[in-house]
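**Student:** Residues per chain are reported as follows:
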Amino acid sequence: MKNFISAHDVTNIDSLVQSALAYKANPLKDKSLGADKRVGMLFLNPSMRTRLSTQIAAQNLGAESIVFNVDKEGWALEFEEEAIMSGNTVEHVKDAAPIMGKYFDILCIRTFPSLKNKEDDYSELYINQFIKYSGIPVVSLESATLHPLQSLTDIITITEVMGGVTGIGGAKGVGGAKDAGGATGAGDATGIGGAKPLGGPIGVSGRKPKIVLTWAPHVKALPQCVANSFSQWVNAWGKADFVITHPEDYELDTKFTNGAKIIYDQDEALKDADFVYVKNWSTYTDYGKIYSDDREWMLTNEKLALTNNAKVMHCLPVRRNVELSDEILDGPSSIVTQEAGNRVWAAQAVLAELLKGGK
Amino acid sequence: MKNFISAHDVTNIDSLVQSALAYKANPLKDKSLGADKRVGMLFLNPSMRTRLSTQIAAQNLGAESIVFNVDKEGWALEFEEEAIMSGNTVEHVKDAAPIMGKYFDILCIRTFPSLKNKEDDYSELYINQFIKYSGIPVVSLESATLHPLQSLTDIITITEVMGGVTGIGGAKGVGGAKDAGGATGAGDATGIGGAKPLGGPIGVSGRKPKIVLTWAPHVKALPQCVANSFSQWVNAWGKADFVITHPEDYELDTKFTNGAKIIYDQDEALKDADFVYVKNWSTYTDYGKIYSDDREWMLTNEKLALTNNAKVMHCLPVRRNVELSDEILDGPSSIVTQEAGNRVWAAQAVLAELLKGGK
Amino acid sequence: MKNFISAHDVTNIDSLVQSALAYKANPLKDKSLGADKRVGMLFLNPSMRTRLSTQIAAQNLGAESIVFNVDKEGWALEFEEEAIMSGNTVEHVKDAAPIMGKYFDILCIRTFPSLKNKEDDYSELYINQFIKYSGIPVVSLESATLHPLQSLTDIITITEVMGGVTGIGGAKGVGGAKDAGGATGAGDATGIGGAKPLGGPIGVSGRKPKIVLTWAPHVKALPQCVANSFSQWVNAWGKADFVITHPEDYELDTKFTNGAKIIYDQDEALKDADFVYVKNWSTYTDYGKIYSDDREWMLTNEKLALTNNAKVMHCLPVRRNVELSDEILDGPSSIVTQEAGNRVWAAQAVLAELLKGGK
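Residue numbers (our numbering), protein chains in the order written: chain A, 1 to 359; chain B, 1 to 359; chain C, 1 to 359.
Extracted from the complex, chain A is given alone in its bound form (with noise of 0.2 Å):
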């Protein structure tokens, strides 16, 4: 793995899992693999999850790691080639991102999409800018187009749930054993099933679980990556029957969704699900709008009960009663927590993979 942008960068996810859930048993097992390394950490824009997951994970390997908030901290950059820079934006990315490459081992980079230009967002201009010209390891910490933390993590915590891992005990970000999971059902992971058992459970019958994404409304625009991504990732992944839902006109970049099935009627789509991912994302086609707020698309308890008992998953940040009820986001169902929780562990996997990787 040369950096970690997308899931084409990853050969064998299963592998990245298992190592994100070595991790989680035994959050400090490679204390020393960071040891004199230092990871750099770039925002162009806000973060919570990701920046405090992504900064933990680099303290467990013992690497040095630095947060730098470039839009607030520093100043505008410059991506176009050849831009004669008499407006608002101070430095070039050609000269900003070798020196990172000089200051840090692994460049970490948080940057969104402008939603007004379909174009610029999807050539993923800035992040690339930042791997032609740094000369190390680039880590997304979501970018335009993509979020591959988020769905490396969508990925650990289905498998989690499916009891696929067994003999792993789930552990806090330092120390001792917090969370115990896998397929005992303790702790995070809550083994599927119970309800409407469809050829016994999946994961170890070999049944291939049903997921869902489905979208839900939302009050602003916002970017397609984490549906683009977990869609990437799923498909990429092939373990899944994979369904997405949506209202009409909302249809993702093909590029990524190939492989699933779209439903636009979201009631049918929800049936038999084991896994429901709930994502609000702005129109792809005709770029950047909302469509649709309708509230009917919010997810709701009677709803769930269309499904095979479903465990529900969303990325976080979620506008409470808007994209997602409380009586879900409050109830057994929902798998948020332990989802964000391991976000740690897909970072730490991802950096120690990078580490190892050499430079």
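Hint data in this document are derived by calculation from the structure and do not stem from the laboratory. Bear in mind that the values here come from a model prediction, so they are computed numbers and not experimental data. Errors might be hidden in some of the hints.
Remember, identical chains collapse to one label, so a pair may be satisfied in a single copy or spanning two.
The calculated BS3-like cross-link candidates involving lysine-lysine, where the alpha carbons are at most 27 Å apart (straight line), are [stated by the list, open to error]:
hint, residue 1, residue 2
1, Lys116, Lys72
2, Lys261, Lys289
3, Lys220, Lys118
4, Lys220, Lys72
5, Lys208, Lys239
Following the hints, position chains B and C against chain A.
**Tutor:** This is chains B and C only, laid out in the frame that chain A set:
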């Protein structure tokens, strides 16, 4: 001690004070206590001394700390139960706090009052929601109505000045001894009782010190936190004659002040004081107002002459020549720097207690 | 060295340069020097390279560092003596600085000029007040009129390029050698004197290099700091033929430039230069103005042909195609990345010197 939110969380204030003074004498004596522990520090409002001293305290204990400015690096949190989040708040504390509980071993939080709605502020909704949902020990870095780390620091400083602690050599944040403190009067701690001894030195002789909390003018409407908290702690400590003086209609919540004598005449109140604690606050009864900016309430050397050679305290930041005159702050009676320096040891004693308590 | 504010704080520039190059060869050789020491880094203005490199330097020395963005995480400081603080400033440096002196072993500060009042800016009130009141060594991370860490870096880089240092293998921020430097011409450091040798290579042969500081156009009124400071350091170093070229009425303070030859004709100035240092600054005499944005002053390959195959330097950030052309920055003459990389070693040499000096 499960959390550190108010004086009521502490079973023995004197014992916590002695623990702090022991850290002042030997900052690194428990350097391994925090090994592989992580302290999260969330700021919903600005902070200087509190942030720096708590971060240093964590480092002295060998713990990792991560600072996160929620308002600047993240987004607005929602605290109301059952909120329909279609407004400006992006994430509910019910979702954010449990994740902090997974990421950290101790959670420190600063949050200010609105000064608009008394019931809301005095319900301490924000910090209580973090306690309710994080599942780990919570330390207040100042909340809507209280500032317990400041008040603990104040009792530490008063104890030091009273010479009640012998054989303690004060020491610098990290490493070698810098300030000599304690009963010898060298360094930080200057013994009291020179000019007007009233039956011998306080502390040593058993005489209770007279502590006067005086209102001071200011240009902005400030929270009542520091004044509330100082009152609560001095009363809980129980080792002082405690007087509060302020203009009429500036009464604080009696929940905190009961036990103190309220005197509207500042000159009368100051008479024979051993310590004068200076602070502005906005009105409590008719909530959050400025009734007076009467500069006559600013402490001067002339007024100080009424006291028993009192030491002058302030939590800082202080508006010079508005709240407190240059002549006082730059003169021999001021112990504000000693007081601010002690913030490290207060925080260290509290974090150590929580770390020892285990999870 | 008590503080690091200007070239005058350094008794032997060459010795500090050699110390920096030794750290470049072996970044972690003094990893225990900063054990249990704490470096405070206060930013009253934005910074990227300076902040990151100084933080890395502290880490390389095993010291803890704490970054505090005073303007964003704290509040406005007051610097005027006897101020009546009823305005926007919340805390006086007289109160803040002594506490920094208690919390930290070394205090690093960045503060910019107003560019409105020359006397105020050139009195260096802000940083001098921190020196006066903190009681610990103060390091300038750029002040109102000077930028000494940048200038030290510049002399280090010039020394490296001149090949005056043999047997030095450059190395990465942490750990293993990445850039090979020194007289071999590998990695960062490229020997000079290929195209137009004038009596043999500079440095080795004893010939003084010709260094030209040239004004460049910009869109904003910038401080004179970098130009002042570069002039002061090159003059103090005393090992170069030093020429400054700028449009008329852009004279810098002679306090810093005395010893350099001022030439208004850029082409004439550039002739046979070994190093061209490019920088914009606003007018000094009629303070803080932009008299010219004449793009003819932008360095191009055509102008570079006038030089002795000169290396081109810039402190960054640089406005591409305004201050400096792409063709220069992306071409073989530019050493701006090498220069920026050397910021780490400059900071490390300075912090080490101060740490060795004891308290």
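**Student:** Look at each hint and say if it fits the structure.
**Tutor:** Hints, one by one, checked against the model:
Taking CA atoms no more than 27 Å apart as the test, Lys116 paired with Lys72 passes in both settings, with 22 Å inside one copy and 24 Å between copies. For a Cα distance limit of 27 Å, the shortest separation of Lys261 from Lys289 inside one copy, 23 Å, qualifies, whereas the shortest one across copies, 61 Å, does not. In this assembly of identical chains, Lys220 and Lys118 lie within 27 Å of each other by CA distance solely inside one copy; the values are 17 Å within and 32 Å between copies. Within a single copy, Lys220 and Lys72 get their C-alpha atoms as close as 23 Å, and across copies as close as 20 Å, so both meet the 27 Å cut-off.
For a Cα distance limit of 27 Å, the shortest separation of Lys208 from Lys239 inside one copy, 6 Å, qualifies, whereas the shortest one across copies, 69 Å, does not.
Of the hints listed earlier, there is not a single one the structure fails to meet.
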